[in-house]
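J.: Heads up: the sequence lines are chains A and B, in that order.
For reference, each letter of the first sequence is one residue, going 785 to 1331 in our numbering.
For reference, each letter of the second sequence is one residue, going 785 to 1331 in our numbering.
Be careful, since some hints might not be right.
No distinction is drawn between identical chains; accordingly, a pair holds when it is met within one copy or between any pair of copies.
[Said to hold, decoys possible] With a Cα cut of at most 20 Å, we get these calculated SDA-like pairs of lysine to any residue:
#, residue 1, residue 2
1, Lys1105, Thr1002
2, Lys1152, Arg801
3, Lys1305, Ser1192
4, Lys1152, Glu1259
5, Lys1310, Ala1068
6, Lys1096, Trp1134
7, Lys1164, Glu884
8, Lys1105, Thr1061
9, Lys1164, Ser805
10, Lys1105, Gly1004
11, Lys1305, Val911
12, Lys1164, Gly1191
Rather than coming from a laboratory, the hints here were simulated on the basis of the structure.
Protein chains: 2
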Amino acid sequence: MLSTMQDGPLSLANLLRYAASVHADATVTTWTGATARRRTFGELGTRAAQLAHALRELGVGTSDRVATFMWNNTEHMEVYAAVPAMGAVLHALNIRLSPEQIVFTANHAEDRVVFVDGTLTSAFEEVLPRLRTVRHVIVVNGDAAGFRAPRGVEVHDYEPLLAARPGAYGFPVLDERSAAAMCYTSGTTGDPKGVVYSHRSLFLHAMHVTTPAAMGLTTGDTCLAIVPMFHINSWSLPFASMLSGASLLMPDRFLQPEPLLAMMEAERPTSAAAVPTIWTGLAARLAAHPQDISHLREVVVGGSAMPVTLMKTFEEQHRVKVVHGWGMTETSSVGTVAHPPARATGEDVWRYRMSQGRFAPLVEFRLKDDDGALVPHDGKSLGELEVRGPWITGSYYSPGDEPVEAGSFDDGWLRTGDVGRISPDGYLTLVDRAKDVIKSGGEWISSIDMENDVMAHPAVAEAAVFGVPDERWDERPCVAVVLRDGEADSVDAAVLREHLAGNWAKWQLPERWAFVAEIPKTSVGKFDKKVLRRQYAERRLAFVRLG
Amino acid sequence: MLSTMQDGPLSLANLLRYAASVHADATVTTWTGATARRRTFGELGTRAAQLAHALRELGVGTSDRVATFMWNNTEHMEVYAAVPAMGAVLHALNIRLSPEQIVFTANHAEDRVVFVDGTLTSAFEEVLPRLRTVRHVIVVNGDAAGFRAPRGVEVHDYEPLLAARPGAYGFPVLDERSAAAMCYTSGTTGDPKGVVYSHRSLFLHAMHVTTPAAMGLTTGDTCLAIVPMFHINSWSLPFASMLSGASLLMPDRFLQPEPLLAMMEAERPTSAAAVPTIWTGLAARLAAHPQDISHLREVVVGGSAMPVTLMKTFEEQHRVKVVHGWGMTETSSVGTVAHPPARATGEDVWRYRMSQGRFAPLVEFRLKDDDGALVPHDGKSLGELEVRGPWITGSYYSPGDEPVEAGSFDDGWLRTGDVGRISPDGYLTLVDRAKDVIKSGGEWISSIDMENDVMAHPAVAEAAVFGVPDERWDERPCVAVVLRDGEADSVDAAVLREHLAGNWAKWQLPERWAFVAEIPKTSVGKFDKKVLRRQYAERRLAFVRLG
């Protein structure tokens, strides 16, 4: 039996029309260092239409990729509004990637047009000669005349391109499953991988972002989008603000604590989204230069966990509630948000708040062990997290015919590569990456939990825990320890093992302890356990063996 | 270009799984007159699975209609959870309809199974012999043995039917556009018309209900669902609570002010939804028996507008914010909700709050005049409201092949039959029904606005304004007036016309004034303008003519 409901698609063009009319007074504000420039959602509607006309004249058609190389600002929002609405595909290039990776992603996505901030033109000039498909560069708030482009690439100034064009555009009716935007994973191992979002997935995800289970955005809110628009579409804040009528506050390139706080003082945002590092910097600056930031009702952090002491600093000293979220490029960003359940009290609240959070209604979840068996959601058992749902990717983008699925998918579920536990009430706590978790005698040991415990010992400067092959147990934990200066005589492996015994079962305690001068690190400063495993395999890592 | 997103459906079975696990501790509480009975969403999951097994054993298959004849209570919620999840279609029969209309809707929907509350069995026994397709009656909290059923109808008790069945069910994966539930319009003219909701439409609508633009429901909320589950699915509160983890409070048959207030005192709901009449009764009771009801953060009223004085009484005396909403069976309920924009201050806030509200993001809207031309959204021009979107019906249900569209649809848009104006910021103000608005010289005059103004004169007891044919202007307003006792000498038509002159343009002022003993009314107490028009046409209505 069919329903009698209408069959219109979820559509970002409709969303733009809605925002530009019903929420015409909401604003997109960009900080310029000392002051702000501001446009309304009404103007956003007009300018997005003008931009669509301009792009069509440049030959941009359905499904063509239109890239940005930009900070978070008002014009970036205009590109966000226009490109998916006209049926093209928005690709916000990650300006933080290495030139090689920028070249790889732009060529892989086959970007035809790139919008470049005037303050980023020299970085972009450097990579442009290696971009094979780019035909047009549009310089935003800069000077196209001074831009050095290879032959075959036309360079335009943004404002003259829009000027005098009609303020309305006949946006097409699209299949809601058609591509609207794409992002690439940061690719710490191997090439970045492309994820292509649909109108449907972005709409549903943005709707969730506006609910109280996520950010609870509404008209009258001003949302400070620090998370970059090239980082999973700024966690969908551009679309969530259009849905809810919340105004957007954009920091452009002013991401240091001092200008961020000057902007907050002037613009008084009510909510914000950023990675924890930003807040570490803000806390330090606030300690020296007190400022009331309690206009921030709530702040969502993701990308990594924020230390509980820092969360408490913001809550107790600044009256700002910091909320954990977890997600990845492959999950359109929000998978979980750590609002505690209403019944939680006292320290229990903090236990919930330090988790990665509660799953969204449209994110199905399960844990799997090494044999592919389901792991119970008992708040204790560890497994690799797999997720499924309408805003979860089912493959990676390939310019050829075949989608790239290798190893990342399990019967329609996304394998996240994250290991954790899930409580009976749907809260996720991640403890390790799947490649780092130690699988010993059929049980899993979190390398991160264990190294954090070792590092809690006062004599220890740094410690990395990694798995090494073991005939009887398959794998056993091995600990590489850097002692603090002058502590070499005060502790040995037995002391550190005893230190662990309070928190770990006997069978989990590591036998192998390597005292080293430093822990090898990756380019982004993380422990490089691959190097440690190789040193161990090649017998280049001296260790003590206990028990 | 296709997205790489997964292609799973929006599914009420997934929603049930989510609620029963992640929000297992949320509750459905039913008032029993002096105390409450309570089950958790975890138990809801188990019992819905048991119910699905039972229904399958009774022969219920995909798309079969399963009806209810019940108050709002925990077991009704179990039927809501089980029936759509198993692929059958929920039809909550409106127990307030006349026996003839109940018979019509149950036969038209071809209901096979009906759940009946023990307190409603005698009313249902009366209609059952005329129900052609019902094969099973399931008595909830009553006595099946005492139920008089015609031959061919099996009668069961609810609890024994569930007992000892498995607590898990393999709910099928369904097309999200397949039927999940149906409701009938109340059909003040002609037969009730059926609207069939899909999994998609109910899911999207419920998601919207949880956003701050509507009710902002979240875990920790307790939502008092006074609006009946047979009235547009209780405005989707059963599904919105499963999405958000808000607990539900159900009044069962205790809808009088005294037990409602006793229930509120015991259960302290944080939000509520009901028609205005309920709140009129509560206000009267509260005046005589003061009680703190400020645990109610916000209350949504719909079905008709609440008088501003009553809204202010709740806000100022009881610290309860009452919010208008507008919708109809054909719009899954919520089309607009009257939260004022954040920038509004002072009396402007009340102007927004007394409107029908701001349109939801997924509800496209337009106004049309008599010639089918678009009317501007300038906050002044009147037109018939048309809406479009994924939770708006595109036809009416027909058991045959052809959907019923006659006159109610305009090129894919639903004609609401409501006349109003829309402000540039997307707020709807309804002024009349399309059949009652007076079309004079190409302009529209709201009969309701005008009769309210006439009734504002102290000498007037009641007044109805209706359109009568006019050679020059097509239509002109005619006023039927009932004067208060003893006022016949103090006012005449000229005085009342002069009274209108302050608010109306000269061309709008009515010439024809009929002084009558009473205004004819429909069975539900509304002015019957059809009768007045007929009396006028048949020259049975004596009137004075001015100007």
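J.: Confirm or reject each hint.
T.: Against the structure, the hints come out as follows:
Taking identical chains as interchangeable, the C-alpha atoms of lysine 1105 and threonine 1002 lie at most 20 Å apart whether they share a chain (17 Å) or sit on different chains (17 Å). Taking the shortest alpha-carbon separations for lysine 1152 and arginine 801, only the inter-copy value of 19 Å comes in at or below 20 Å, while the best intra-copy value is 44 Å. Taking the closest pair of Cα atoms, lysine 1305 and serine 1192 never come within 20 Å of each other, the shortest separation being 25 Å inside a single copy and 68 Å across copies. In this assembly of identical chains, lysine 1152 and glutamate 1259 lie within 20 Å of each other by CA distance solely inside one copy; the values are 18 Å within and 73 Å between copies.
For the homomeric pair lysine 1310 and alanine 1068, neither the shortest alpha-carbon distance inside one copy (23 Å) nor that between copies (67 Å) is at most 20 Å. Proximity of lysine 1096 to tryptophan 1134 under the C-alpha cut-off of 20 Å is restricted to the intra-copy arrangement: shortest distance 9 Å within a copy versus 40 Å between copies. For the homomeric pair lysine 1164 and glutamate 884, neither the shortest alpha-carbon distance inside one copy (42 Å) nor that between copies (58 Å) is at most 20 Å. For the identical chains of this complex, lysine 1105 and threonine 1061 are intra-copy neighbours only, at 16 Å inside a copy versus 40 Å across copies, given an alpha-carbon limit of 20 Å.
Taking identical chains as interchangeable, the C-alpha atoms of lysine 1164 and serine 805 lie at most 20 Å apart only when they sit on different chains, with a minimum of 16 Å there against 50 Å within one chain. Taking identical chains as interchangeable, the C-alpha atoms of lysine 1105 and glycine 1004 lie at most 20 Å apart whether they share a chain (18 Å) or sit on different chains (18 Å). Taking the shortest alpha-carbon separations for lysine 1305 and valine 911, neither the intra-copy value of 27 Å nor the inter-copy value of 78 Å comes in at or below 20 Å. With identical chains, the CA atoms of lysine 1164 and glycine 1191 are never at most 20 Å apart, being 26 Å at best within one copy and 60 Å at best between copies.
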